[in-house]
Each structure stands twice: as structure tokens, then as C-alpha cells.
Amino acid sequence: MFSQFMINAWEASTIVAVVAGIVGFFTVLRGSSFAAHALPNGAFAGAAGASLIGASTILGLGVFSLLGAVGIAILGRRARRDVATALTIVVMLGLGSLFLSMSTEYAPEIYSLLFGEVLGVSSNELLPTAVIGMICIAAIIVLYRPLLLTSVVPDVAETRGIKGHWMEFAFLLVVALVTTMAVPVVGTLLIFSLLVSPAAAARSFTNRPLAAMGLSVVLALVTVWSAIALSYTSNLPIGFFVGTIGAVTYAIGRGWTVRRRLTWPAFGGASLRP
Amino acid sequence: MIPASIGSAIIEPGFFSSAPVQVALVVGAVAAVVSGVVGVFTVARGQSFAGHSLADVGTAGGSAAFLLGISPLFGFVAMNLIAAGVMELIGIRRRRGRDIATGVVLGAALGLAALFLYFDTTSTSTTGATINVLFGSIFTLPSSMVPVIVALSALAIAITLFLYRPLILSSLSPDLAAARGIPLRFVGVGFLAALALAVSLSAITIGAILSTALLIGPAATALRLTKRTGFAVAAAAVIGVGATWLGVVLAYDSYYWTPSHRGWPVSFFVVTVVFVLYLVVNLVATRRASGRRTSAPEAR
Chain P
1 MFSQFMINAW EASTIVAVVA GIVGFFTVLR GSSFAAHALP NGAFAGAAGA
51 SLIGASTILG LGVFSLLGAV GIAILGRRAR RDVATALTIV VMLGLGSLFL
101 SMSTEYAPEI YSLLFGEVLG VSSNELLPTA VIGMICIAAI IVLYRPLLLT
151 SVVPDVAETR GIKGHWMEFA FLLVVALVTT MAVPVVGTLL IFSLLVSPAA
201 AARSFTNRPL AAMGLSVVLA LVTVWSAIAL SYTSNLPIGF FVGTIGAVTY
251 AIGRGWTVRR RLTWPAFGGA SLRP
Chain R
1 MIPASIGSAI IEPGFFSSAP VQVALVVGAV AAVVSGVVGV FTVARGQSFA
51 GHSLADVGTA GGSAAFLLGI SPLFGFVAMN LIAAGVMELI GIRRRRGRDI
101 ATGVVLGAAL GLAALFLYFD TTSTSTTGAT INVLFGSIFT LPSSMVPVIV
151 ALSALAIAIT LFLYRPLILS SLSPDLAAAR GIPLRFVGVG FLAALALAVS
201 LSAITIGAIL STALLIGPAA TALRLTKRTG FAVAAAAVIG VGATWLGVVL
251 AYDSYYWTPS HRGWPVSFFV VTVVFVLYLV VNLVATRRAS GRRTSAPEAR
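Taken in order, these protein sequences are the chains called P and R. The first sequence runs 1 to 274 under this note's numbering. The second sequence runs 1 to 300 under this note's numbering.
A portion of the hints provided could be inaccurate.
[Stated by the list, open to error] According to the in silico footprint, chain R covers these stretches of chain P (three or more CB under 8 Å from chain R): (1) 71 to 80; (2) 83 to 95; (3) 185 to 193; (4) 247 to 257.
[What the hints assert, rightly or not] The calculated label-pair distances, taken between Cβ atoms and stated as ranges, are: (5) R:L68 with P:V152: 42 to 48 Å; (6) R:K227 with P:V218: 47 to 53 Å; (7) P:G54 with R:I168: 51 to 57 Å; (8) R:Y164 with P:I7: 57 to 63 Å; (9) R:Y256 with P:S103: 19 to 25 Å; (10) R:G230 with P:V70: 31 to 37 Å; (11) R:V238 with P:A211: 49 to 55 Å.
If you are wondering where the hints come from, they were derived from the structure by calculation, not from laboratory data. Cβ atoms here follow ideal geometry from the backbone N, Cα and C, with glycine treated the same way.
Turn these sequences into a full structure, and let the hints steer you where they fit.
What follows is the structure in C-alpha cells.
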């Protein structure tokens, strides 16, 4: 399990889990799960397009996830956010189906982009993953306070001169970066699960932002490490384990919340939500 | 004579006599009508994410059905009804909680889809299963499925019409609806069931992922055209059918004018038509609104 070719898998998935845990905290806090699903899934079209013209996969993913973030932000000025996101993902996937029909790429390749091929990560993919991951974490550190304010108390943020729609756009750009970093190594499904489930579970256990963020990173690491170990021993796809473990973690978190609410009703209602 | 020659200039020969095209036109129209009707409420209730997720969730059912050797439609319907139930069960009615509940259900279901698709590809060696389930194939639908699809569509529309008035009220103002004694939970579950049926149908016709286009695109466009729900529902259905048929025609024709003569996918054309229409209507509506504002400033 810890042989030479598995080392890349462990390292890549660790980087992805740390970044996903941190960014996931804000994804859950802002209610941006749809964007976290739409950008990786839509950017898949970019990978298909890149393979068509012979460009690198990571470039295609980067361009398409940035275009997706811009699309959601622009459409979102005139429509509801969920409608804007839905229209953006649909257009990107429409292009994806066109690119796929034009290419001679065969299905397993697509399957690996969608569901991840973490066991096949090569060592020269590690450096870009690590660099982009660092940029994501740096961006979250810089944006930490304004992001937190616009997510929890938008009115207060507005009076302090923080523009909500610019913070939304900045956050979408971070998700686009996470997409570019994670899709080549773990696939679209895995990065989405890692952005939502650990952070959602962590919020059930604590209301303090930094503690929730730390717990979310820990849960993401536990999820991805045990998924790799189980996938290695059982020979079943890793996406299945990440999805299932994520759902179970969330269920435990919800159970904890309900129990706490029943035991100490006075504290149960307290929450980060306005 | 003249209309026929114009027709043949737009529509390539053999279009209407081709059996797959006939099935595609009928099934596409049925799915578009259902998606349009249900879509207006999906957009009004802010449940686009649930609508899109159900399409993806359905792939788990679709791939399981493929494994069992039954029609993917039944897999889609069964899986979507289960997922809709779970979403409602854990999905707190607050908008942000719903977002997370939808996300977690989607993540778990996609994990299952990965598992079933893995079994599909290893047990049958037909790697096409992945693509078939994810992107759909309107031209390869057997005509024997048409009655089933029509029956399920009728059921989805019947649920929506039955819940019509409470749905409008609970979409616009949940508090007012609760004060009037409308059972919000019952209305929510009923609507999610209709949504699950509608999404399963469009997932079969233009593919799981792209069914969102027919659900959200025409409805969002219609709601920009009119604020009255009845009109919006009718307009969304008409736009959906128009976009689907235009998409089928263009995809059929594309075989003749694309360089490699391989034809471009229906889903690409449907999505493009839907999106361009949305942008045009949005532009016109915005222009009209700003024109009104500049011509009658004292009215404000």
C-alpha cells in the first residue's frame, strides 16, 4: 500500500484534502455547493477541448473553470444565483458533449476525469498541484475576514464598504483554482464531495470559524486516506468510498446536532447563521 | 411547391421518414413540456440545484439498471424518487441548509454511480455505457418506451396541477402559506416527486447532465417574459418544445455540413438554442425596462 507508485497518490490526495477542507468551510458557510459542483463538472469540457487541440489538460481546465466563474458572476447579476449557476454549467457541458463527439478519445479516459484516477498520479503532476494549492490557501488567508463577514452578516459587511458581489466573484475564482488543481489528480466527483461533506459535518460540531475549518481539514484527510486504503484493498473505485464516507460523516454530524439540541436546548439554537 | 422547397432547404432529405427522428421528436416534445411546467416552479422556489442534482443522481439508478439489464428509465425514476425523499428528509427548509443537504446527497449518489459504472465497464466490456448514461442518446431510444414516457409525464403534470395554487403561494411566501394552513411539507414532497419524474424523463432524452438545460433554461426565460405564473408555464413549455425540435433538426442536418460527416450531438444544439434565447430575452427585457425608466422619469 505504501510502495513507490502509491506515494504519489498519498501526497496528491493529502494536498487536495487540505485545500478542499479549508475552501470547503466557506463553500458550506456561503451555501455555494452548487458552484462547487458546477465548476469542476463544467471544466471537464475544457479538458475534453484541450485534448482535441493537443493542449495540456490543466490549461483546458484552468481556462474553462475561470470562464465558468466569470459566467456565473455575470449571469448572477440579472438572475438568481442558482439559475445563473445552472445555465453556466449547462452551457459548459453542452460544449463538452460537442468536444467529446469530435474527439477520438475513448471512454476510460473520460471516466477517469469524472471519477478520478488518484492511483495513476504521476510525480510531475505533484508540483503544479502543490503550487496551485498554496495559491488557494494564500487567497483564503488574505480574504478571510471579508469573506467571513459577507457570508455571515452581509449587512455589516456592506456598511464597512465590502462589496458582496466582488467577494462572491473572488470566492468563485478560488473555487476555479481548486478545480484546476484537483480535477487532473482526483476527478470532478471527488473534489466536489471533499468540498462539501467534511465541512458540512465540521459545522455540526463547532460554531467557531477557525475550529470548524481545522476540523473540516481533519475530516477531509480522514475521508480521503481511508478511501484510498479501502480502494487499494478492495479494488473498487475510490469515488465510491469518498462519497459514502462523506455522507456517513455528515450523518454523524447531524446526529450530534440533534442530540445536543435535545440535551441542552439552550445551546442548540446558537449557530453561525444570521 | 414553394413551401416544400423552402422546407427541404432547411431540413435535409429523409428527416421525417426516419423512425429514430420520429421517436426523438415525440419524446423530446413530451420531456420539454414536463420540464417547462415543473421548471417554472423549480426556478421560482430556488431549487435549480436540486433539479440539476437529481439528473446526476439518476445516473446511479441508470447505471444500476444497465447492470440489471432493465431500461435505464426505471433506474432513473426509482433512484430520483429515493433521492428526492432523502433530500426533503434531511434538507431543512432553510435555503442554505437545503443547499448542503442537496450537495451531500449528490456526493453520495455520485459515489454509487462510480461504483455501478465500474461494474458496468468491467462486466460487459462496453465502455460506451458511461457516455450513454451521462450524455443520453435521443436517437437510439426504442419506440416501445414512448407509452411509458407519456404516462410518467402525465403523472408529473397531474401532480403539479393538483398542487398548483398552494405551490404558487408557498413559493412566493412560505410564511403566508403556513398562516393559511397549507401543509408546506406535503407540498414540498409532492413537488420534489414531480421534479424527480420530470428530470428522469429529460435525462433519458438529452442526457442526465444536460436535462438541466430543459428544466431551467425555458423556465428562466419565460419568467423574464411574464410575471404571471400561468403564462410563464405555457411559455416555458412552448420554448422548451421549440428548442428541442430545433436542436433535433440541427443535429440531423449537421451530418451533412460538418467537415467529418459525423454529426454533432443533439444536446449541444438544444443547449445552445436555449441559452441564446435566454440571453436575447434578457437583453430585450433589460432594454425595455431601462427605456421605460428614461421615457417616464416622473412616474417613479
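Verification of the supplied hints:
no. : hint                           : in the structure
1   : 71 to 80                       : holds (count 3)
2   : 83 to 95                       : holds (count 10)
3   : 185 to 193                     : holds (count 3)
4   : 247 to 257                     : holds (count 3)
5   : R:L68 with P:V152: 42 to 48 Å  : holds (47 Å)
6   : R:K227 with P:V218: 47 to 53 Å : holds (48 Å)
7   : P:G54 with R:I168: 51 to 57 Å  : holds (52 Å)
8   : R:Y164 with P:I7: 57 to 63 Å   : holds (60 Å)
9   : R:Y256 with P:S103: 19 to 25 Å : holds (21 Å)
10  : R:G230 with P:V70: 31 to 37 Å  : holds (36 Å)
11  : R:V238 with P:A211: 49 to 55 Å : holds (53 Å)
This entry satisfies every hint, going by the numbered hints stated previously.
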